[in-house]
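Participant: For the protein sequence lines, the chains are H and U, in the order given. Using our numbering, read the first sequence as starting at 1 and increasing by one per residue. Using our numbering, read the second sequence as starting at 1 and increasing by one per residue.
One thing to keep in mind: the hints can contain errors.
[Claimed, not checked] Reference excerpt, derived from the structure (chain H facing chain U, CB under 10 Å, subset only):
no., residue
1, Q123
2, I241
3, R242
4, N373
[Unchecked claim] Simulated pairs of lysine to any residue, SDA-like, Cα-Cα distance not exceeding 20 Å:
no., chain 1, residue 1, chain 2, residue 2
5, H, K193, U, I269
6, H, K98, U, T43
7, H, K159, H, G256
8, H, K191, U, D143
Rather than coming from a laboratory, the hints here were simulated on the basis of the structure. Since we're looking at a predicted model, the values are computed, not measured. Even glycine gets a Cβ: it sits at the ideal position worked out from N, Cα and C.
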Amino acid sequence: MQGRGKNQRGVAALAVAVAAIAAALGLAACGGDTVGGGSDTEATTAKGGPASGSLTISNWPGYIDPGPKGTVAEFEKETGVDVDYIEDINSNDGFFGKLQPQLEQGESGGRSVFVVADYMAKQMHDLGYLQEIDHGDLPTVFANLAPDLESPDFDPERKFSVPWQGGMTGIWVDTAKAPDIRSVNDLFDPKYKGKVTMLDELRETPALVMLGEGVDPAQASADQWLDAIDKLGDAASSGQIRRFTGNEYTEDLTAGNIVAAIGWSGDASLIENENAEWRMPAEGCTRWMENMVIPVGAPNTPAALSWMNFVYRPNVAVDITEYVEYISPVQGVKELLEKRGSELAKSEIVFPTEEFTRDCTGQITPPELERVNEAWQDVLTG
Amino acid sequence: MSLRQRLVPYGLLGPGLLWLVVFFVVPMYFMGELALRSGSLTTGYTFDWAWSNFPDSLSGHTEQIGRSFLYAGTATVLALLIAYPLAYAIAFRAGRFKLLLLFAVIAPFFTTYLIRTIAWKTILSDSSPMVSVLQTLALVPPDGRVLATSGAVIAGLTYNFLPFMVLPLYANLERLDLRLIEAAKDLYSSSRQAFLKVTLPLTMPGIVAGVLLTFIPAFGDYINAQILGGTQQAMVGNVIQSLYLNQRDYPEAAALSFLMMGLILAVVIVYIRFAGTGAFMGDEDEEMA
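Bound-form chain H, shown alone (with noise of 0.2 Å):
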């Protein structure tokens, strides 16, 4: 008798499930056929006009002054908008990965400015995910953009994307304990086993290492990209390489885990570490420029383009400047530098001369992109 009633409920129980997954397909039949793909609409334009209400920003972590007399905190301040400015960005793909399946529907999360590296921003206007901008609403970025900034190769008329800051990737050495690292190809001296980093970024890492071969990366091959590629995974399980990391090789090099990284120009304030120096790799880096874009779906597209505006005043971008040590797009920086004294002004790092990035490269996307990237993450995830 109980064994029975054990059955019929059992059997009851699989009806039920029977009938959800068939109401599932149902559901799911009403859906499109193909997931991805871009939308096909006519790129919308930003609105512009009197800023008011929130704002959404999504940052990379160090990115901008904080506090109450930063940068973020003068703005609500000045024009009343509510701002939540989120920190969230740790790698372009990683970003771009998180947010695809949201801004395929049209949506961007609630977020109305995301600061995103040229290809990426490139790759989300090509898939119709970024708002054009009227050049008419941005009326203080256009008196200040540098100039050799204005008509960049992958958006010439500034169409959809404003630079928020540049860098150059190079290597990071503790100098107390490797003094003569000079090129990337001193990463690979059995000396410093298990004691270098390197970043997981496809168009930053191998790119340096075909610098340190003699190859130039805007011209080389998918067979030359998968070289680097090579080496680099044979230097991973041979245990030289102790990790593939983003932003966190500032702390291995303020722990002192590591005695060199390849790694990003401006971080200086994110390392506790007085040894730690930003080179110029002898061979040359890999030199980069972020942006600030609106998204599909993007509320209040107003006070975005009024905190592009802000921004772009000279008087708060040396604000920025002094904080996060990266290259500033924002003509009149190093001149209001000069006038408070800063050693900054002076800094080839934040004011790189031609002679000094004479041998650096943009970032270059390789070509066969999906092949490469595959052997890129196969290294990654040894």
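Based on these hints, arrange chain U on the given structure of chain H.
Facilitator: Then chain U, alone, in the frame of chain H:
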């Protein structure tokens, strides 16, 4: 039974069932459907019964799958070895400190998982006192390290999932009928025999529950490998993350997730058969029979 009486159990099942359908069956369906699509981000992913995603997702990733078994298995065994004496002591020897000790087991959970794991990075960093002690004891070579090794990942997994082992064991030991142990001793069994023949079999339900609660999440974990591991410690969770976020190969990521679910299910079924369904269901009558 009246109709109403017969319907009551289904009514009681309703909320749970609805939960399962909305948060398990429907997502599973979408994931299964995604796993059978092909294409790329630029062309879009089209549903075309692409079964090849399943073998493709395994190729080149068997090492990480093996590693996940090794790490999660080792962490589970370590957690059991640590948790059993701990739960035993709390249940029988703690006296008035019982609640305090239980609180001490749960207290770290008031901090988020991520912060607890990052804290271990500081504890295990190369120049930390902890590592010097291990070097003095010759457990770590003089120029060796702990952070960014398999040992660090296993230690992190063991630490993070320990309460999942302690709590079911404690709940089980707590309601153990001590008269049974007394009876065993009356019948001239040694303490050791009484433990092996009485206590251990009676706590099998707690052991089985603890092992499952530890092993399953530890197998899919990627945080410990990412934060405490180096270049050769990636687990299958890290591979799925890379496929999903960095390569944006959604179909292959979904296929691999499905295969891992199947694999875990198979392992759990074998394990429960081996450890006895009675023990799993907490059916002590069956256990005694």
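Participant: Hint by hint, note whether the structure agrees.
Facilitator: Evaluation of the provided hints:
1. With a least beta-carbon distance of about 9 Å to chain U, the hint placing Q123 of chain H at the interface is held under the 10 Å criterion.
2. Interface hint status for I241 of chain H: upheld, as the beta-carbon distance to the closest one in chain U is roughly 6 Å, under 10 Å.
3. The criterion of a C-beta within 10 Å of any C-beta in chain U is met by R242 of chain H, whose closest approach is roughly 5 Å, and the hint holds.
4. Because the closest C-beta pair between N373 of chain H and chain U is about 6 Å apart, less than 10 Å, the hint holds.
5. Restraint check: the Cα-Cα separation between K193 of chain H and I269 of chain U comes to about 44 Å, which exceeds 20 Å; the hinted pair is violated.
6. Of the supplied pair hints, the one linking K98 of chain H and T43 of chain U holds, its CA atoms being roughly 19 Å apart against a limit of 20 Å.
7. A hinted pair counts as satisfied when its Cα atoms are at most 20 Å apart, and K159 of chain H with G256 of chain H does not qualify at roughly 44 Å.
8. Restraint check for K191 of chain H and D143 of chain U: satisfied, since their Cα atoms lie roughly 12 Å apart, inside the 20 Å limit.
When held up to the earlier numbered hints, the structure conflicts with 5 and 7 and fits the remainder.
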